[in-house]
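The lines below spell out each chain.
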Amino acid sequence: MTPYEPVLLRRLGLERSGDIDVYERTGGYQALRKALKEMSPQQVTDEVIASNLRGRGGAGFPTGRKWSFIPKDAPVKYLAVNADESEPGTFNNRVFIDADPHALIEGILLCCYAVGISAAYIYIRGENVPGARALERSVAQARAAGYVGRGILGSDFSCEIHVFRGAGAYICGEETALLESIEGKRPQPRSRPPFPAVIGLFGKPTVINNVETLGCVPSIVERGAAWFKGIGPENAPGPKLYCLSGHVTKPGVYERPMGTPLRELVEEHAGGIRGGRQLGFVIPGAAASTALKPDEIDVAMDFDSLRKIGTELGAGGIMVFDDRVCIIETLERLARFFRHESCGKCVPCREGTVWQHVLLTRLGPRQGSARDIEMLKSVSEQISGKTLCALGDFAAAPQLGALRKFPEHFIAHANGHCPVRDAAAVTA
Amino acid sequence: MLEQIDSLVGRYPTRRAALLPSLWLVQESRGWISRDDVAEVSDRLGLAAADAEGVLSFYFLFHRQPRGTVVIDVCDNVICQANGAEQLLSDLCARLGIRPGETTADGRYTIRRQECIAACHQAPAVQVDLEYRGPVRSAEELLA
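Chains as they are written, first to last, in this note's numbering: chain A, 1 to 428; chain B, 1 to 144.
No wet-lab data here; the hints were simulated from the structure.
Some hints here could point you the wrong way.
Computed spacing ranges between beta-carbons, pair by pair [what the hints assert, rightly or not]:
(1) A:358 <-> B:48: 34 to 44 Å
(2) A:249 <-> B:29: 18 to 28 Å
(3) A:16 <-> B:66: 34 to 44 Å
To spell it out: a stretch of chain B is covered by chain A in this simulated footprint if at least three of its residues, at any positions, have a beta carbon under 8 Å from a beta carbon of chain A; those stretches are [said to hold, decoys possible]:
(4) 54-60
(5) 84-95
Every residue gets a Cβ at the ideal spot worked out from N, C-alpha and C, and that includes glycine.
Modelling step: build the complete structure from the supplied sequences, incorporating the hints.
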């Protein structure tokens with residue numbers, strides 16, 4: 001295990017780490033001070049572009065470039081912060097907000113300064129009440145200290161930050177559904193173009209960034225792009241919060257450089273498979289990614305390395321299952337999730353996720369047929385790429401990936417067997 | 001309540017954007033959201049009640065009928081499932097004599113199945129009145 005000094009979670013475990021005095025005492029708001037004193041907004045954007053920071057929500061889009069798409073002359077623009085975090089297997093935003101809410105606020109302020117934004121909305125999932133409370137409190141503290149509001153630190157930069165609570169809907173993590181939700185409409189994704197950079201929240205140009213992405217920004221401004229690029233791979237540098245869950249000895253969030261091998265995360269940081277069992281399969285990038293076999297876990301955990309082997313980093317939700325778990329049953333449960341969360345706007349997703357689930361409720365309990373396998377494939381292909389938002393692709397990807405990589409499990413189920421359960425029955 | 005709704009409106013460039021915050025306000029003070037509540041809120045925000053109902057019905061966390069004093073949401077997604085969520089849920093239901101989605105006759109508890117709550121490292125994870133609990137080792141732990 002190579003030594004690594006945490007950036008995003010450096011205040012984790014510190015007493016009262018969410019309080020502004022602790023944050024300031026440990027170097028907090030220095031990046032904002034530096035930016036306001038020494039840097040123009042364009043210089044802040046340029047530094048983030050130079051750092052090659054890529055969005056941590058899953059798409060991996062270069063953050064600085066996203067900022068530069070916002071029309072400079074627009075009088076009103078917004079920042080929407082995506083803290084909706086609802087995909088099975090992800091919980092790093094929650095841990096980060098609990099540990100260091102002011103770091104998120106500082107990242108928000110730096111983005112707003114760089115882009116010329118005077119109002120930011122943090123969209124936090126409705127279930128995360130402790131997180132919303134922590135953020136409300138931190139915003140109030142930051143306002144009292146002169147970091148939020150009018151004429152911040154005596155400059156002519158003004159910025160308001162509002163915490164907006166969702167109410168339980170996975171689709172709200174989709175960026176345009178998130179905007180609709182804030183606007184008080186049914187949270188169904190918008191058709192693009194126009195993109196939110198042009199017509200976003202309340203019809204104004206809008207930046208939408210993930211919590212972890214903004215969490216990286218203060219360190220980039222303070223320590224420089226060159227430092228940031230020294231962490232992890234060149235094409236996707238920086239720290240990454242990996243969520244490890246399932247049958248590992250020590251589930252939790254582990255901060256490591258982007259590109260850390262999956263094996264190291266599972267075996268060293270999370271302590272390996274618990275109870276002396278063997279690894280069955282790993283879903284590396286939360287619910288919407290293709291599962292990996294035990295012999296594939298030497299892959300580097302970054303956007304491009306995972307895409308090369310046909311799966312995704314997503315938001316870094318690594319779900320580990322031991323050799324007693326049937327992948328078809330896992331896929332059945334994930335299909336139920338996507339069926340429940342489909343917003344109903346696009347027919348391929350609305351109807352397709354129902355059929356995926358129905359077919360898997362037959363295949364899972366070993367009552368399906370070879371025809372069900374064919375139909376699962378065809379239905380999933382009919383969803384993929386045919387919907388307004390990525391949720392359709394998310395529902396299709398784990399099924400299509402598993403059909404490609406674990407065909408023997410599907411075939412066995414269609415024939416009334418389960419390789420995992422049969423083996424367990426023999427050893428029992 | 002209406003004054004509080006008016007103060008929420010000031011945070012947004014449109015009155016409509018105060019809809020979700022207003023509904024939270026109603027639920028947190030009255031426990032659930034009745035049709036009359038929806039009418040009152042939508043009237044204040046200049047919306048048709050049917051329009052507001054359409055938005056409200058999209059979300060899982062809003063209660064549309066009286067619920068138990070304590071609401072227990074049990075995550076049953078894959079990671080919690082791999083850590084005994086089904087057993088926990090059936091123990092809870094057996095102890096209280098209700099099924100998921102129901103409220104005990106004495107009005108004390110409501111139990112629901114919930115989708116992933118971003119607590120996979122605390123599996124099996126539960127929210128009791130939206131406060132995180134986990135790993136939950138037994139049903140008794142939650143009913144104490």
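Legend entry - Hints that the structure is at odds with (numbers, increasing): 2 and 5
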